[in-house]
Amino acid sequence: MPREIITLQVGQCGNQIGIEFWKQLIKEHGINNEGILEEFALQGDDRKDVFFYQADDEHYIPRALLIDMEPRVINYIQTSQFSTLFNPENIFISKDGGGAGNNWACGYSQGERYQEELMEMIDREADGSDSLEGFLMLHSIAGGTGSGSGSYILERLNDRFPKKIIQTYSVFPNQNETSDVVVQPYNSLLTLRRLAQNADAVVVLDNTALNRIAVDRLKIPIPTVSQTNSLVAMVMAASTTTLRYPGYMNNDLVSILAGLVPTPRCHFLMTGYTPLTIDRHISSVRKTTVLDVMRRLLQTKNIMVSTSTKNGNYISILNIIQGDVDATQIHKSLQRIRERKLASFIEWGPTSIQVALSKKSPYIETSHKVSGLMLANHTSIHSLFDRILKQYHKLRNRNAFLDQYKKEAMFKDSLDEFDESRECLESLISEYKAAESKNYLDWGNDDNMRIEEQQ
Amino acid sequence: MEFNVQKSVFELVKLSFPQYTEETTLINYKTYLYRILNLKTKYQEVDDNIIDKEINENDNKVLQKRLRECLTKVLKSNIQKNQEIIHFIIRVSQLGKQEILNNSQVQLLFEDSNKIKSSMDIENQQTTNQTITKLDNSLIKSIILDKQQNSITQEVNDRDLMKDILFCLQGIEGQYIKYDASSDTFCLRKDVNISISVRQLVNLISECGWLYKNISSFCQVQQPNLIVQALQNAIKLELSEYYKLIANLEGMILSSQLITFKRIHFHLQSSYDYMILINQLLSIIQSNTPLGTTSCLIINVLDQFSKHGCSHIAELFVRLQQVSSQPLMKYINEWIFEGNLLDIANEFFIEKDDQKAITKDQGELWRKQYRINYDKVPVVISYDEAYKIYDTGRTINWLRKQCDNRNWHLKIQPLTINMLQTKELSQLINQANKNTNTQLINLLFGKFKLIDHFNIIKQYFLLGNGNFSQLLIETLYKELSKKGHLVYKHTLTGLVESTLRMSNANQIVLQRLSVKLLEAQKNDIGWDIFCLDYEFEEPLKTIFNHKTMLNYYKIFNYLWRIKRVEYTLIQSWMQQIKNKCYLNVKSNVNKALHLSLQIMNSMIHFIKSFFSYLMLDAIETPWKKFMDQINQIENLDHLIQSHENLLDEIIDKVFLHQKQEQIQIILLKLFEISFRYKQNLEHLFLYVRELMAKERSDKFEQSIGPKVSYKNISTDNINIDQEFKGQEIIKLLLQLRQMYREQMLELIKHLQNEEKMKFLLLKLDFNEYYNQLSQENLFSQGFERFLQQYIPIQINETGSQKLISEQPQSQQLQPLIPQLSQNSMTFIQQDYIQINEGIKLLEEQKKQKKLKQKQQLQSLQNEATSELQNPKSKPPMPFPQPYQPIITMRSINQQSLIASNILQSQSSKNVQQQLSQQILQQIYLNQTMQQLQQQQMQQQQQYEYLQQQAKPQLPQKQITSTSQIHQIQPSAQPNFNNSIPIFQNQSQSQISVLQPSRYDMSLSQDENLQSLLDKEFCFHDDSSDGDLI
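Keeping their order, the protein sequence lines are chains A and B.
Residue numbering for the first sequence follows my numbering, starting at 27 and increasing by one per position.
Residue numbering for the second sequence follows my numbering, starting at 1171 and increasing by one per position.
There's no promise every hint is true.
Distance condition first, Cα-Cα at most 20 angstroms in a straight line; then the derived SDA-like pairs of lysine to any residue [to be verified]:
| no. | chain 1 | residue 1 | chain 2 | residue 2 |
| --- | --- | --- | --- | --- |
| 1 | B | K1628 | A | D71 |
| 2 | B | K1928 | A | T354 |
| 3 | B | K1748 | A | D185 |
| 4 | B | K1333 | B | G1421 |
| 5 | A | K367 | B | N1567 |
| 6 | A | K189 | B | K1648 |
| 7 | B | K1581 | B | N1567 |
Sample of chain A residues with no beta-carbon within 12 angstroms of chain B, all distances over it, derived [stated by the list, open to error]:
| no. | residue |
| --- | --- |
| 8 | R29 |
| 9 | H85 |
| 10 | I117 |
| 11 | R182 |
| 12 | F187 |
| 13 | V251 |
| 14 | I341 |
Simulated from the structure, these hints should not be mistaken for laboratory data.
Virtual Cβ for every residue (Gly too), placed ideally from N, Cα, C.
Looking at chain B on its own, in the form it has when it is part of the complex (with noise of 0.2 angstroms):
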């Protein structure tokens, strides 16, 4: 039974539509029916929506459309029998047919629709049974009759018909001409009996109809885009022409003159091209809509159109076109002259942004308050001429705005429709472009003055004005040394401004200028953190905006730190020239002076050819050309552009670029030298100072007499302190000056990589002394080079064995090395390889060694001038032989080190502490060294021996402070392991009275210190060596 339902349904659906209509589109419409009649007849409940949603689901836009049409139609009728179903097929099927159904085919369908009947109605199949049939035939008899009055009234008056097209023409349905809305067409009734012929013209004439109907529908919609009303009004101008023509055919229709539906085609037939051209332009607009770039696109098309082939159509749409455009021009118009934006339905391509984020301190109001959106600029005006459209308008709003301009007017002609795609218009736009940016310029560079604030901030930012910068800095010095924390804004604004009223600042800097503190971080001091400020008001905020200030205080106070350097170092070179009497007073005096004296030399050198490259080089040439540039400053965009580049190119130029971040880091450790080169200065002088006070009273008591021979030991006591306190300052100081040019040749490494430094290079290294001392440093670092580079790793320890036990007299360093170079190379660099291994036994035993010494110490500090000290321990490792003359070297200049090491003062722990991470690479050879001495126990008779024969060479008592260091180095090298013939003579006994406490620094510093004196050194050994043997 189902099945027959359905069959009956698709067979009905199957006459209904057409045949060329595809088997699966059939099956849909008979799914869809089915359905719809199950709803209808409640057979299955299913709801309305669901078929709408299937519907609407559905793809095929022609199907979906007359499945909705069936629906509403179901819906519409009400039907409750199956009757009425068929009645209703019959009719839905009419929507898409072609011919009409004869009478067979209605016998069928009545067929079908009886099985369908029978299928349904089984409840009441009795009692409706008879009324069923009843009305089944009156709906037969009514369908055939319909067909038959068809038939009929086909023939119709071709009058009428024409009247119908008038109606039709104006987009109304007729009585004949009806819209079919499926098709979305006017198209004769089917059921007219007319001609093919004429039926094809009345339809060909009908779609005038529908264009109307399109265009009219377009123009009548409420838009709030002008150039879209601008159009709208331009189209309905148009249509008068056809609403005359359609006048004139009612007219003649009317009047029953001599009229053919050709003859009104005719008529039509320009109207109608028109009308497909406005329709495609319609349709191209519609499509465009969401984009938002609707007024645009108008014009665009517009200008397309109008360049049509048929001149009498390129003219319709330059009318259209001219039309339309109005309200454009208008907007370039107010905006160009008044900086107004009149847009209220954002189709104009200069856009307002509101946002609030814009913060006017950052100088964006300039740069983003308006912006062009170049989607939205017509054909008709290139992105040149739009560009400068907008730059125009906005430097007359901000001649309006920010710099209180109002009265000042362009003096040109207003643009006109006439001019869009002329020369004229981009020559006034270049025009009015220039004027205003002339005007800014002026306004800018006379009102604002701004070169007097570029002056300005070069004077005082770049330090330009060295007079003041100068008297900034010494009356600052003081406040600024304070920790960060402490260093207050008011005291400083105090300063500066005096400071400012002191040297000749004008009054505007004045007013404008004043401090600025950084944010201060741990460890930073007032120097770290100090910068100067300067107040900017609108205009000019927007090209000193927030990020070049950023800038400057950067470079300021960058140059503000190379200022303190700069003014350190000549504090140094004043109390070093106006102390000179105290040179050539005392060797070891003189000594430490003139050490301190080349630091400073080289230091000044540096600090003075930096400070002028960066002053000439870095700010200066770049400034120049900057103020060239301004000279010709066109715009307001191209002065901010050509200041931040201004700001770059010296920010790249003084090494604060983030690539340059290596050499900015060996800047600062310069600089943290030439501090602490200071401070040892200090010392040195108080130094100085207290031995020229004891020389004077030693004089004194001279003259008194011999009476307080209690004195004498105390003065000694203190003659061996200061003794030590001149060596303890020369060997700062050879640090100091170690760690410089490490530091400068580093530099100049870098420098060196770099073309465009090269003149910096030449500033620093004029005199090649750097490039010198770099060679020699080469020459110094050798060993280890020497051992990596050129010994292949060959473990062969028989040979090695047999070395050690070939070799006599290993102290004497001369002639070993050529030795050592053909025939211990593979044991040293199998040595070198267990270096590793042996580090952690090395620092238990400078451990050991370290508290020894302490204890020794502190029993040598009470006997300081007593005879020769007995070890009061054994030594835990026996006696080495050092038997590798260059290791030997370097053990004892770690002994003497060590000695020297004594001698630290607090002060120096810092410069120490730092130092440390340099040395990693020094404890190789202490352990190289470690390890040949294990090895090489069996020639410790014959060290002994040798040592037996130094003692009595080495001088008993007071050794000037030079000598004393290398004389004690060969009775040293043994205590490199074991701390005790460190006392065996006099002099050691000397160097170790010192404060124990300050012990505990010396351990970390070994071979650091080693590193940096190797140089100082490593000369006397052998000298002294020599001595002995």
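So here's chain A without its partners, still in its complex pose (with noise of 0.2 angstroms):
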């Protein structure tokens, strides 16, 4: 009986980081592009049934969802290599095939049209597993599909299955370049607002930081999609091998958040890896004690969204350490980080890093002895979304781009609801920057409580 978990894929980069992320899964459980188990990996103690389940003929096939609104992507994994690996009942794309034209309303409405069938494939494959832990969403949030059907999928998973942990994988769009889709604040936005009230832990995958350490880190000039998507996959493997890889803590979802989501709201989570690798792009990393790899880790460079740890507070931390690696390391690691003070904490709690120790797979030859990705919580990602909400300003101030959202059910009357987005997100970021006081934890109650917590 696995804790299984059911992964949307949610739109064009959805569909995209997730083949990517199957890709990872696969080779780490050695299992081939059909589904079918080497004969290496017959003896293997690893628990493939979380993410995959046998069907009748001994495949392994993917406990994944391949949703989009548009059937380019899709297509594609259909003919790639992987054709056979995924359940064919388990993909839908729309029957018109219009996609959802960078138009989170458009995207949201179509959720909507198809919610029948969405919501019939999410439930046969939530029969199909004995405990369901929960789910996960890869998509983006700046799309059409993506956020809009996604933030649908999110809003009726909650109602669906209301003790199912809830996560996200979320891309954040490029801010550096101007992008095709001018409505990114508009999308962005509105699907925050999904993410902050009906998901229980977003991890953010930030374009933004991903291209910054492909050119920085990797030395790749210009990365192209693909490869900023296997960066993606990388984190979301080892963010899952303590769930792939039992060990004796965090060998499931909902111990894994607990100890990173303190309080409800302050669920955006960011991610560190190194040594990273993609293809022969290897960094620049030869050295990897657990000392280095933890500190690492820890710097601004390598965590893949775009604000800088400097500001504000880590809430929590959790590393997930891969390879042969031995407690006194790991204390003389903690031990360094503390007193050269490499990390600032909040002061409203007691909080640490946590470290989880995690097995490689066995059937991946990798040049570093030690690997790390940390999870962590840190209040200075409001940044990020006081740009969205920036760029959200600008457009809305004046007006623009409003028309193709008000030819939607949702927005004929009025726009309320980017009010109430915008709200909902400035009470998020006024949220996580009261999290870098002491007295965060009376935020939003009366003053005599935060009178009472300075005595």
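Need the complex rebuilt from these two chains, each delivered in its own frame; the hints are there to steer you.
Here is the structure:
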């Protein structure tokens, strides 16, 4: 009875990183492209059934739902070498195939339109698992389908499965380059509201930072989408190693998140990974001791979110260290980090760098002895939201590009949804800001309590 | 007459015994002889036995011997008459006599005997007198004759004497050479007239005979010990030389060759030397017989003798040693190669313990069935070798019997005697030992899959398999929450099995893993007694013996409880995270939720850090070390030892060791608080849901219209009720937080004292949150410490009085503090001393207050919305003036607590009761206040005036929960002594709307809660006070 996790890949971006993720997973579990276990992997003690189930013919099939409103990416997957990996029943392409046109409202209403089919797929998949742990949603927040339909699905999931964990891997748009999607800020804002309200944890994957990492760290002058996506896949795979290679702790999503998310709304997580490798691009890191890995994970330049962790505080950190490591090394590293104050922490509660040791996949050769993933809850993530809000204001003040939205039922009568989402985001930002102060826990309470805490 | 007899006997004795005999000894002889005579002449009835006994008691051995001889002779001789007695005495006296009595002496004796005779034969002196004389005469004659004859036969033929010597050499008495039992020697008869030099020579030669006699008698004794038998044989073999020599001598004597005593002596010389040493050997051996270590001793002594400087003697003993070591080597070989003990006479240094007490499952078979007795290890084998021999045989035996591995044989050459004390022997033993142990270890690791079992133990007992433990805890959660006696093994076994099947457990685990329930004690629930069990068979049972398994049970049960805490907290997290929609809905709900989140976060942080410490540092690290050791393990003992060390280390590190009881208790408290938190959380969400439901229905009603106006009152009541419920939950959470923090700080304090716990400390307090907290705590406890530490005890009443009168408007907090520190300290100190006396008074007052409040409550419940209430009774005490600012503050806190206590729910009772122990010191403060109040009645007027002022400012209606508490404080303060003023305003009456029955609880918790809430509320005192003034 594993704690199964169903992956929902929504939209173009969601499916692109999804396929990279599955590529990584089957490699790690020794499953070939058709879903058949390689001979060398027969004796593995890994838990494949968290992310896969076995079909009648012994094929391992990912517990994945591929959802898109346009057929391009999914068609590509279906014609690729992984064509037989996925269950064809789990693939949803909207019938008109028109896509969401980068319009959140369109995506949302399409989600609503196809809700029966979508929910039926999700239900079927959920029924197929003994003890469903939760859902992972992969999507971007800027486009149309991933953000719009994704938002809709999130809302429905929360209603339908009120006791299951919903975690998303949300790709935030690159803010350094001008996007072809001008309404990005609108879409992001509207999606963020759902992420704040309907998701239990959001792993923020900031394209800005991913690009920067590819350029600076891996020395790829112009990183391609698939290169950044494979970075994402690496992070995703690493963040699920403790689920797939069970150790003594953090064997399910809940226990990972319980240590990371102290208050329900502060659930936007940053990631960092070291040492990075994509194909032949190996980062210059040569020496990988635990201390090195843990120290590097705390450096802003390795964090896959474009905010500076020098400002603000860490609310919580979970380092998943893979490789042959013993406890004393970890102790030394932790001590060093504390002595040198490499990370500043919140003052309103006890927190620390949690370290989860995880096995490495025996089937993948790596040049590094130790590698590490950091999942962190850091207050500075609000600056990312700040930027989105600023961009939103720019557009909204001019009432630009609203026509497309007004076409959909949701915005026909009023644009209240924008305002509500803005409020929600503002409150989220102020909550994160409040979390930097010592009195955070009384944030949102009346004044008395706050004074009391000071006392 | 008596005297004469005695004297004569004494003389007789004196004459009869050698001159050098001491006086006392003579007296002893005399008394004995006298008594013997008495006995025999029937003068006095003396029992033979008594004399016998007395003789035995005599510690002089020679004397003893002589007397015994006397006695036996007397007994044999059956003497009836005096003459005979005298004769006997003379005879007896000759035993130890060197020179022959001369006539005069005999005459003297005779005279003496006459005297004796006269004294003795009183009754029949007439009749027998003549015969006696006759007899006496003949006796004397015969004696003299005898003497003469002796001197006649002195001319002994040398040859005859030589023949006699031949006998003597074979240990047989001859004609002239007699065995003298008294001196235990062979010697030439004294009456043989021979030159002194020859006599001496003959006596010297005859010593050989004595030696031979001794040795051959040793050889003839049947011995069960094989080594002794071997020695006997060896000696017999050596004696054949001696026989040959005797035969030669005989031949020479008989063939009338020219032979002299000197020659005989010369021939015998070497045999004599040998025999002396052998005899020495035997006497050493015989003197040690009772120790049971004869066999070992033989070899030891032989070894010692074989190093004799004389090469001939050394050779002799080497020969003896080799022969007598044969059985030892046989034992060793049989033991090393077959694991059998041949030793029937208990002479081998390895012993079998056949006691039935060795129970198999204790793992003692290996340890105790055979043991090595180091007393029996001969010097030729070093202790190290002996141990290795022991270990080898034991291992072989173990292999044959327990591991069912009969076909394996050591492939080394058998040990031989020649190897003794050579390097070769120890090399061979080492090799044998190494080979067998390797075989055993290989067998354990191969056939018995030791590593697999260790892994299973780690996976299941030490929760190394997080997957399984997670599943198991989910499956068993409900079942284990039952009372201990309601938990059944078969139910749990079924559940565990199904869990095993669901997780990817292999067949071995499925077969062997089962459930064990520890003995349930009162109040135990399933969690306390649940344990996994794992079945082992020999030989693995020896490693996983009863003792080690007990430790595993202990560790498992402990980890399992922690796992339960973790699981419970994670469930709480789920509940919170999935109910995030409730956040920021209503302010007091929000407060409660935030508080609960805060508590939960610190708990989760603690349990996660602690659990990761347990798994990583306390278990994984020693385990890894152990696994490394296992790869180099050489023998079973070593394995068992490292395994035990592993368990000891784990137990020490997880705080299960006895010396860590304190930490253990703190941990258990922390766990308990976590469970309580979960309960509170349930209440909280129940409450939140109720609130939400009500809000929805309110909205619904509003939409319907104001038709149902009668409902308003009831909804108001509900409002109030829920308002209080929210308050109550917040209180409970605050309590929990305080308790939790206290325990955490306590734990951290303990950990700080231990160097090796540094890393746990690092994990628990990584961002130094608790460190800061503890500093803050110190600050908030300031008052008591301040008083205790800085104020000298000085009783100065006038000063204090003056102080009181000087203080205006004492409600002002801030300005007063410096005053207090300067002027009123001595006064406070004095009050402090008086505190104890006030305890009883205070408690009585509290009871009164409680009663009155109960009454008030009931009346108020009916008129909850009414205006100000008039007190129903006058306070028993006048209003005191709270001149003391800090105390005032405290009392106000307490008052607010009284109000809040009313809100305590049933569920909180337990919590409160548990807390009550911690609060005793708080009583002090209350009493301080009490005293102060009594002494300052004159300021009462002032206070009342203030109160008048305060009243109008108090809000009349609905007040939010938090402000409610603080605003009532000024008026509530006097209520500490009397319950009435609490009801003076509207807000008070609202608070008191609650079931009076619950109020019983509040008293005992007053102080307690005060302590909890000091920090929470004290700030508001001055703010509200400021408002009032």
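Against the structure, the hints:
{"no.": "1", "hint": "K1628/B with D71/A", "result": "holds (15 angstroms)"}
{"no.": "2", "hint": "K1928/B with T354/A", "result": "holds (12 angstroms)"}
{"no.": "3", "hint": "K1748/B with D185/A", "result": "holds (11 angstroms)"}
{"no.": "4", "hint": "K1333/B with G1421/B", "result": "holds (11 angstroms)"}
{"no.": "5", "hint": "K367/A with N1567/B", "result": "violated (62 angstroms)"}
{"no.": "6", "hint": "K189/A with K1648/B", "result": "holds (18 angstroms)"}
{"no.": "7", "hint": "K1581/B with N1567/B", "result": "holds (16 angstroms)"}
{"no.": "8", "hint": "R29", "result": "violated (7 angstroms)"}
{"no.": "9", "hint": "H85", "result": "holds (19 angstroms)"}
{"no.": "10", "hint": "I117", "result": "holds (30 angstroms)"}
{"no.": "11", "hint": "R182", "result": "holds (15 angstroms)"}
{"no.": "12", "hint": "F187", "result": "violated (10 angstroms)"}
{"no.": "13", "hint": "V251", "result": "holds (33 angstroms)"}
{"no.": "14", "hint": "I341", "result": "violated (9 angstroms)"}
Figure legend: structure checked against the earlier numbered hints; hints not met, in rising order: 5, 8, 12, 14.
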